[in-house]
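Engineer: If you read the sequences in order, they're chains X and V.
Residue 82 in numbering that gives the first Met the number 0 is what sits at position 83 of the first sequence, and the numbering runs on without skipping anything.
Residue 96 in numbering that gives the first Met the number 0 is what sits at position 97 of the second sequence, and the numbering runs on without skipping anything.
Note that these hints are calculated values from the structure, not bench results.
For each residue, glycine too, the CB sits at the ideal point set by N, CA and C.
Among the clues, some could well be false.
[Stated by the list, open to error] If you want the footprint, here are the derived chain V segments under chain X, 3+ residues with CB under 8 Å:
id	region
1	22–33
2	109–119
3	122–128
4	162–173
One letter stands for each residue in the lines below.
Protein chains: 2
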Amino acid sequence: MAGARQFDEQELIATALDVFWRKGLHDATMQDIATAAGVQRGSLYNAYGDKEAIFLRAFDRYAEQFLDTAGKALAQGDARGRLGNFFDVIIVNMTGGSPPRGCLTTRTALDTAASSAAVRERVHGVLTRLERIVGEAMSSAAGAPAIEANRLARVVVTFTRGLAVMERAGFSRKQLKDAAATFIDALTRR
Amino acid sequence: MAGARQFDEQELIATALDVFWRKGLHDATMQDIATAAGVQRGSLYNAYGDKEAIFLRAFDRYAEQFLDTAGKALAQGDARGRLGNFFDVIIVNMTGGSPPRGCLTTRTALDTAASSAAVRERVHGVLTRLERIVGEAMSSAAGAPAIEANRLARVVVTFTRGLAVMERAGFSRKQLKDAAATFIDALTRR
DNA sequence: GTCAATCTTGACACTTGTGTCAAGAATAAC
DNA sequence: GTTATTCTTGACACAAGTGTCAAGATTGAC
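Start from the sequences and build out the full structure, keeping to the hints where you can.
Structural biologist: Have a look at this one:
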């Protein structure tokens with residue numbers, strides 16, 4: 000059981016992501032990750048150095064998948080349809096798991112004071128990239144609100160963050176979907 | 000230095016609130032509070048039992064003040080003016096302090112998994128009460144959006160939560176105000 | 001087959017935080 | 001003034017978590 004690495008890096012990061020998503024950066028321990036991955040804690044230190052290094056890798060993977068999913072949801076239909084699909088995947092993302100895991104980006108953002116510059120930068124980066132994706136999707140969509148695309152994108156992204164908080168506060172998936180539907184109605188009515 | 004309580008309860012809770020607001024429930028330690036209040040840690044345990052008991056008192060005070068301020072901001076003007084005042088005080092609340100303290104409710108909500116039922120209930124309660132206040136203010140305001148008041152209130156409250164996250168993610172007071180202004184425009188345009 | 005490089009493993013040192021407690025000190029009631 | 005009550009204080013026990021390290025095991029290159 001030594002000499003060659005006993006775990007697959009892809010699997011390990013996926014496992015770590017799951018742990019971080021469920022517990023948050025601060026509350027997830029190296030022991031949690033090691034146990035979940037069936038690996039010794041020391042092996043993780045040997046391979047990655049410290050917890051934050053693992054988190055950054057896991058978060059990067061999460062961000063890619065998240066932005067990719069969001070982008071696809073925003074690719075088809077008119078503005079109304081795009082936003083509907085977009086909020087659907089956003090809400091599914093944050094209400095998935097049992098118990099629901101919430102939104103990792105938002106959770107990490109709220110830990111921001113206790114986090115390093117690298118972590119803070121990732122969080123800000125995801126939101127900025129999400130804004131860009133939303134803005135572009137609205138710019139090229141039929142029936143988009145008569146609001147400058149960048150401003151609209153910021154409002155939409157801000158609202159998604161609000162949904163993430165409401166989820167943590169105990170509101171159900173259905174309630175989040177209702178809120179999103181009302182929001183979309185307000186934005187796209189003529 | 001014994002025999003009679005060496006601190007004023009009102010002051011102590013105010014000090015504790017300041018500490019919790021800056022550091023969060025989880026990261027604030029009894030030592031932090033004791034030091035800030037110029038009191039021994041043991042005295043806090045003697046007077047309150049544990050950290051959560053202090054937090055609940057501090058949070059209740061915060062909630063009262065917060066809801067009161069929000070209610071007053073929503074009391075005058077038409078729908079547009081009310082929302083403008085409302086978001087102003089909300090944003091001032093979360094960008095106050097140096098460094099900015101953020102929104103205590105939101106921060107606490109995101110810690111929810113690590114918190115007790117009592118804490119979770121307070122967070123949910125504040126948001127529900129806030130919804131009610133907003134809903135009533137919109138119901139009685141001129142120029143309110145043609146959206147059922149409860150739905151509108153949920154969207155507005157959700158958006159305030161989004162602003163709180165954006166603040167933590169590094170967006171400036173000005174950016175938050177811009178976002179709120181755009182949001183209000185979208186809601187109240189005819 | 002040898003051997004250097006690399007991984008695993010368990011123990012260790014350290015830090016930080018919680019909550020408890022006994023002893024001492026001051027107060028307030030009588 | 002005496003005394004029971006209450007508060008303060010510092011020490012203590014305990015629990016988690018981080019990060020380090022030496023020793024041992026295995027592998028792969030040669």
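Engineer: Each hint needs a verdict: does it hold in this structure or not?
Structural biologist: Outcome of the hint check:
no. : hint    : in the structure
1   : 22–33   : holds (count 4)
2   : 109–119 : holds (count 6)
3   : 122–128 : holds (count 3)
4   : 162–173 : holds (count 7)
When held up to the earlier numbered hints, the structure conflicts with none and fits them all.
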